[in-house]
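Protein chains in written order, with the numbering used here: chain C, 1 to 346; chain A, 1001 to 1253.
It is worth saying that the hints were derived from the structure and are not from the lab.
Take the hints with a grain of salt, since some may be wrong.
Claimed, not checked - Part of the chain A face toward chain C, derived, beta carbon under 8 Å:
id	residue
1	T1077
2	R1083
3	F1091
4	A1110
5	V1116
6	A1118
7	G1119
8	L1129
Claimed, not checked - Cβ pair distances, simulated, as ranges:
id	chain 1	residue 1	chain 2	residue 2	range
9	C	G222	A	A1221	24 to 30 Å
10	A	I1087	C	G162	37 to 43 Å
11	C	F324	A	M1108	53 to 59 Å
12	A	F1014	C	R134	20 to 26 Å
13	C	A125	A	R1060	55 to 61 Å
14	A	A1221	C	H311	54 to 60 Å
15	A	E1147	C	A46	38 to 44 Å
16	A	P1072	C	L45	47 to 53 Å
17	C	P157	A	F1014	49 to 55 Å
18	A	Y1243	C	V129	47 to 53 Å
19	A	R1060	C	F128	27 to 33 Å
20	C	L136	A	A1070	28 to 34 Å
No experiment lies behind these values; they were computed from the predicted model shown.
All C-beta atoms, glycine included, are put in the ideal place defined by N, C-alpha and C.
These are the residues of each chain, in order.
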Amino acid sequence: MTDALATSSAAPDASSASARARAVAYLAERHRLQIWEALPWGLALAAFWLFPDRLTFGSQVLVMVLFALSLDLILGFAGIVTLGQAAYFGVGAYTVGLLAAHLNWGEPISGLFAAAAVAGAVGSATGFVLLRYRGLTLLVLTLATAIMLQELGNLFPRLTGGYDGLPGLVFAPLFGVFDYDLYGRVNYLYVLGVLFVLFWLVRRIVYSPFGQTLAGIRENVGRMHAIGSPVRLRLVVVYTIAAAISGVAGALFTQTNAYVTLGVFDFDNSAGVMVMLILGGTGRLYGAFVGAVIYMVLQDYLSKESQQYWHFGIGLLLVLTVLFARRGLLGLFEDAGAFLRRNPKP
Amino acid sequence: MTAALEIQDLNKSFGALAVARDINLTLPKGARHALIGPNGAGKTTLVNLITGVLQPSAGRVLLDGQDITALPQAARTRRGIARTFQINQLFRGLTVLENLYLAVAERMRASGRLWVPAGAEREVIDQALAQLEALRLADDALKPVRELPYGRQRLVEIAIALALHPRVLLLDEPAAGVPSSESHLILDVIGALDPDIAILIIEHDMDVVFRFAHRITVLVAGAVLTEASPPEILADPRVRAVYLGEEAGGRHG
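The following block holds chain C by itself, in its conformation from the complex (with noise of 0.2 Å):
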């Protein structure tokens, strides 16, 4: 019927009137909230009832989530290919980790959004150099860049405390009132609502002109610069603004563990969060729930059955993935959806 349509488009009046609301409607709605979108909120409340004595865990699988969620916002949505974003997870948490240590701040917001400006200024430096580069030779120069800011740390011991990191941190309670209690309620809902407000953030950004400039970058990039986008200008814009909200997830990291080691700039944390997501499904915002969700409670369950061998596990959930479900777990939900409209039951 539609190539009906797109043939008959020598008379246009009616069908090219609708045509035009149809696209307008288009544009104008995507950006809506959708129903579906307080599932994942209303599960992770769900899980502060149901699960009261794995709050803690629960943290720690929602820093992810956010730190997921930045990853996201450059991977998925502007198609740079990183394997060092822990560098500026990295980053912020030893921001609070060093406040609080030495100059005894240990108030928790505040120490957000120092961890946010210093991320955010460390991203900006390198990325204005790093994305001058794609591909492969920026894989390998992100990787390089976390491993001598790790080494970095290590150059300061009496300042980072070196390998064994900054123990035994303290943190003001919340809002001056809330004190951290031994089950982690308060930190649970904590960083349930950081996640909340820059979840939010991420999802106007990819929505904007800017946004959608971020995928004409990364489905063309030639072509960007041949309709006059400053390509570059953008990319280090987005790098900055992920590398600030991967401060924030480091540094929630290190508020609700009351710890840092330079185990945080590792391989593995780039890696993890970046399988995380692949799982999950890229340039979906959602992904990056589902993704954290997934490889952190499997880690959980393998690594109490195994604690040599549970990356097999975690191995293997990825070669599937990639094998049979490209877009990731959501990407898997998308088609069967569009499979059950295309072939609904008779």
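Chain C is fixed; fit chain A onto it per the hints.
Then chain A, alone, in the frame of chain C:
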């Protein structure tokens, strides 16, 4: 009156290989200029030099009398040079409308906005749709570009360039790969373009060239062989030799 586009003594070499040699070319406002020549003559290279994809080894490119030789590609586009590509360069995973949206948003300097929804930029959407309607693509607005037949993708390729409202338009074999049953759609669009735009068209189909162009430049091995009106080109024995030579099996680097 200053020319819309002026190329002065342009040279480009890759090592010992000279792909552009002392090229001079002037497009006045509203020019309809064809660039022809055998494969490998350097036609697309010249387009890349004009648009800033490649930096010349020597020579200048002037847009409305202003030297733009040092400007990067995107800055030249913002000043009014647009091009289409010999092989489609589309945002294949995006819808036709989004393809146009990107171009219009760049022209209207709206694409840096982080904090408004893309759908709230009604002026951008309206202009993107108007461009699609002008090329009778509006019914395909919500289809992903990669699902369109090749001929219609070729129209999107042109629509993106036109959405930039260029003063100078470079068309690199706009009908290449399009079945002849559909190529008239593309030629109609090109024939109906704004008479103020200066157009340089690379084309192999001589019927198209002679129907469309007022001036023709023949490029051979990176250098201008001759520039003249269509009838003069037709009568030029050197041009015939170049083309017949190729058809007889001669290969030109």
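So, going through the hints one by one against the coordinates:
Against a cut-off of 8 Å between C-beta atoms, the interface hint on T1077 of chain A holds, since the closest Cβ of chain C lies about 3 Å away. Of the supplied interface hints, the one on R1083 of chain A holds, with its beta-carbon coming within about 6 Å of a beta-carbon of chain C, less than 8 Å. Interface restraint check: F1091 of chain A against chain C, minimum CB-CB distance 4 Å, threshold 8 Å, status holds. For A1110 of chain A, the interface hint holds, the least distance from its beta-carbon to any beta-carbon of chain C being 5 Å, beneath 8 Å.
Against a cut-off of 8 Å between C-beta atoms, the interface hint on V1116 of chain A holds, since the closest Cβ of chain C lies about 6 Å away. Interface hint at A1118 of chain A: satisfied, since its Cβ lies 5 Å from the closest Cβ of chain C, which is below the 8 Å cut-off. Evaluation of the G1119 of chain A hint against chain C yields a held restraint, the C-beta minimum of about 4 Å falling below 8 Å. The closest approach between the C-beta of L1129 of chain A and any C-beta of chain C is roughly 6 Å, which is under the 8 Å cut-off, so the hint is satisfied.
Checked against the hint of 24 to 30 Å, the pair G222 of chain C and A1221 of chain A passes, with Cβ atoms roughly 27 Å apart. For I1087 of chain A and G162 of chain C, the hinted distance range of 37 to 43 Å is not satisfied, since their beta carbons lie about 55 Å from each other. Distance hint check: the CB atoms of F324 of chain C and M1108 of chain A are about 43 Å apart, inconsistent with the given range 53 to 59 Å. Checking the proposed 20 to 26 Å range against F1014 of chain A and R134 of chain C shows it holds: the Cβ atoms sit about 21 Å from each other.
For the pair A125 of chain C and R1060 of chain A, the beta carbons lie near 36 Å from each other, so the given range of 55 to 61 Å is not met. Range check, A1221 of chain A to H311 of chain C: Cβ separation about 59 Å, and the 54 to 60 Å hint holds. Between E1147 of chain A and A46 of chain C the beta carbon distance is about 40 Å. The supplied range of 38 to 44 Å therefore holds. Separation of P1072 of chain A from L45 of chain C is about 50 Å and conforms to the stated range, judged on CB atoms against 47 to 53 Å.
Distance hint check: the CB atoms of P157 of chain C and F1014 of chain A are about 52 Å apart, consistent with the given range 49 to 55 Å. For the pair Y1243 of chain A and V129 of chain C, the supplied restraint of 47 to 53 Å holds, since their beta-carbon distance comes to about 50 Å. For the pair R1060 of chain A and F128 of chain C, the beta carbons lie near 30 Å from each other, so the given range of 27 to 33 Å is met. Checked against the given bound of 28 to 34 Å, the beta carbons of L136 of chain C and A1070 of chain A, roughly 31 Å apart, stay inside it.
In summary, the numbered hints that this structure violates are 10, 11 and 13.
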